[in-house]
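Chains as they are written, first to last, in the working numbering: chain A, 1 to 386; chain B, 1 to 396.
Certain hints may be false.
Stated by the list, open to error - Taking lysine to any residue and the SDA-like style, the derived pairs with C-alpha atoms no more than 25 Å apart in a straight line are:
id	chain 1	residue 1	chain 2	residue 2
1	B	K17	A	L296
2	A	K71	B	V147
3	A	K217	A	K64
4	A	K64	A	F150
None of these hints come from the bench; they were simulated from the model.
Each chain, letter by letter, is given below.
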Amino acid sequence: MQVFKAFMKIVKSNWSGILLYFGICVIMTVMVASQYGEKESNGGFVSTNTSIIVNDEDNSELSKAVVKYLKSTQKVSVGKYSDDSVKDIIYSGYYTAYIDIPKGFMDKHLSEDALEISTVFDTSQAAGNFVSLQLSSFVDGILRFENAGFSMEEAISKTEEAVDTDNYIELEVVENQNRASNSKSYSLFLFLPYAIMSIILWCLLPAVLRFNVKDVKDRTDVSPISSTSRNIALFGGSCFISLLVFVGIVIFTGVFLKGDIFTEKWYLSILNLFIFTLVTGGMLIFITSFPTTSVLKGKDIIVNIVSLGFSFLGGIFVPLKILGDGVKSVGRFLPTYWYAVSLEKIESGVSFNGLLGSFGMEALFGVFCLAAGLAVSRVSLYVKDR
Amino acid sequence: MFLNVFATRLKINIRNKQAIGWSLLFSLALGTLFYAAFNSIYDNAKNTCVRVAVVESEDAALNSEMLKELEYEDGKKMLEVVEVQYDEAKELLKKDEDDKDKVKGIIDIRNVEDIKLILPREKKIESAAFISSGGIEESILSSIVSVFRQYSSIVTETIKKDPTKLEEVLKSFEDETNELVENKSISGDNKDPYVSYFYSLITMMAMMAAMAGASVPESSQANQSPVGARVDVSPVNKSLYDLAGLLSAIVVQTSITLIGLVYLVFVLKINFGGDLRYVFLTSILSTILGVSLGFFIYQFGRISKKARENIIMTIILGGGFLSGLMIANMKTIVEMKCPIVNRINPSAVISDAFYALNMYGVGDRYYKSLIYIVGLTIFCIISGLIMSRRRSYASL
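If we strip away everything but chain A, and leave its shape as in the complex, we get (with noise of 0.2 Å):
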C-alpha cells in the first residue's frame, strides 16, 4: 500500500500535464462535435458542406436571398473581416471562402456598374471552387431570370427551384462506393488515441520510472517490502490510472454523442478504444525498460514523439484515405492505424466477428511491447550481473 500511495502521489505532481492533455482532448472533442448539426439524412443527396464567412453590407432582398441560400448549402458564420485576417483565415483553412456582398449590390444589379460580390478563396483547391461555383449559379440565375422578364421576386424563387438538388439528383445504389463523410461517433473517437497515449503515458511514465531509479530501487529492495508486493503495486497503480482515463474519456465523448450510446456501434467503438488502453499499456512496459536515467531526461519528449507521431502516422489526425500510401506502408506496424482501420470498419456496420482481424493485429503491438520490454529488463538485468 506504501509504494501504491507514493505511486499515486508522483502522478498527482504531474498535474499540470494531466490537465494540459485533458484539456486538449476537451477542445477537440468540443471542436469535432460542433461540425455536427442536428440535420438527419432523408437519404437524399447533400453537397459537400463547408465552413464559409458571409459579410452582407446591402441586407436587401437579393442578398438577403444570397445569404439564405448559402445558409442551407454551407456552414454559414456571419461577420466582418480586414483583408489581413481573411487571409490568415483562409490560409488556415478554418474557412473555405470569405463573400462580401457590398452596399447598393441589389440596386446597381442590372446596371452597367453592377458591383460584385467579392469571394476570397484559395483557388487551387477544390473546396473553394464548389463554394463559389454554387455561388455563381445561384447569383447569374437570378439574373438571367431577371434578364427574361422576370421580376425579382419570381427570379429568386425559380433559380432557388433549379439548385434545388432534389430535383434533379437521382441516386443509383454501388457497391464498394466510397463513403465521403462520417458519423459524429466516428469523428469522435477517432482522435482519443492521441488522449489516451498521451494522458496515460504522462501520468504513469515518471512515476514508474521513479521506482526504478537505482537508488529508490536499492531502498526499497532492502525494506520489509518484497519486490512481489512492490511490483503489484506498481502495477495495480497503473492499471487503475489507465482504467480511469479510459472510464474518464468514455464519459466525457458519452456526452456529446447523446443519443449514439448504448448501440452497436458505440459497444464495438469502447472495445477498441478499451484495446487501444491495453496496449498503451504494453507501450508503457516497454519505454520503462530502456535504462531509467535517460528515459527521465527525456520523458516530455518520449511522451510527444510516440503519442504525436504514431497519431499522424496511424491516420488519428490525419484520416487514412488522404494519407500516402508510402506513410500507410509504415502505418501498418502501428496499433493507431489498426485502431482507425477497426473504426472505419465499425463505421460501415461490420459486426465483431469482422473486427477480429484488426483488432487482434491492434493487440498484437501491445503483446509485442511487453514481449520486447521484457526481454529488454532481463538482458539488462544478465548485463548487470555480469
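Take the given structure of chain A and dock chain B to it, following the hints.
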C-alpha cells in the same frame, strides 16, 4: 572570469548528451513524421478534373461540348466528359473507385426540360447525423447541372408565360451578362496550410530550450542544487556567472535548433516560404527567447522545483497546442475567439513570425512579431538578472 565560466558551462551543456540527443531526436523524428504525413495532402485537395458520363440524344438542344469547355479559376479543366449511352454510363458509375474508367456521375441531358444528374450512393443509409453525403467532385457536378437546369427552366417558363419572347430570351443567353461574383485568391509564397506544422515544430524546439535556460539559475542558487551552493559561496560575480551560463546555453540550443531547421529545409526540402535568411534569424531569436524564459522562471527559487517544471511545461505544451502543433488551424480559432492570447503566447508569436514571412514577406507584421520576441527576451534576461542579485545564503 567570464570566459572561464562560459567555457565551463559550455562543456557542461555539450556533455549533456542525453538532453541534446532527445532534443535532436524530437526535431528530426517529428519533422520526418510530419513530412511523411502531410507531403501530399495539399496537392491531393487541389482542383481535379472530374470524370463524368454524359448521356445525350442526337436531336437535343444541349450537348456535351459546353461541359468540355468548363474551367476552374486557375485555368484547369473542370470535367473529363465521356459521351456514352445510358446503360453503359451506369456500368461506368458502378466500377470500383480504383478503376480508371470509373465516372463520378452521369449527366442525362436527353430531356432538356428535365436534366438529371445520377450519382453513386453507398449501399447502407445511416440514420445518424451527417456532415455531408456527397464528395467535392459530386458537389461540383451538382452545381454545374443546376446552371443547365436554370437555362432550361427559363426557356420552359418563357414558353408558358409569353412564347413570343422566346427568341429574345435565347439571344440573351448568348449576350455577355454582368459578372456579379468576383473571385480573389489569397496570395503567399507557400499556400500549403500544412507547412504551419513545421512552424510549430521549430517553435516547440525553440521553447524547449527553456529547460537549458533553467539550468543556469539552478546551478547558481544555493537553494536549488548542491552545485548552486558551491557557486554561491565562491567569489564569482553572480550576474557575470548567469550571463556566461546563458550565453553557453544559447550557443548549444541555437545549434540544436539550426540542425533541426537545416534538416527540414535542405534534407526534407520543406518550403517555409519567404526569405530563408529571415527564417533562420527568427529561429535563432526564438531559441534565445526560449532559453531566457527558462532562466527567468527558474529565478523563483522559493517555488518548488516541480511547480516550476509544471509552469514551463504549461508554457511549452499549452502554448504549442494553442499555436497549432496538434491542430493546424488552432491559432486561427484562438485569433477569432480570443486574439489577446495570440499576442502574448510566445509560441503563437514565433509561429506567426514564420507565417508572416511566408504570406506577407518581411514587413510590418513580421517586425511586430520580432519586436515582441526580442522585447520578451530582454525582459526575461534583465528581470532574471535583477532577481538573482544578492540571492545568497543570507537572503534565501
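Here's how the hints hold up against the structure:
1. B:K17 with A:L296: Satisfied, since the Cα-Cα distance of roughly 14 Å is no more than 25 Å.
2. A:K71 with B:V147: Satisfied, since the Cα-Cα distance of roughly 19 Å is no more than 25 Å.
3. A:K217 with A:K64: violated (73 Å)
4. A:K64 with A:F150: Satisfied, since the Cα-Cα distance of roughly 19 Å is no more than 25 Å.
In this structure, the one hint that does not hold is number 3.
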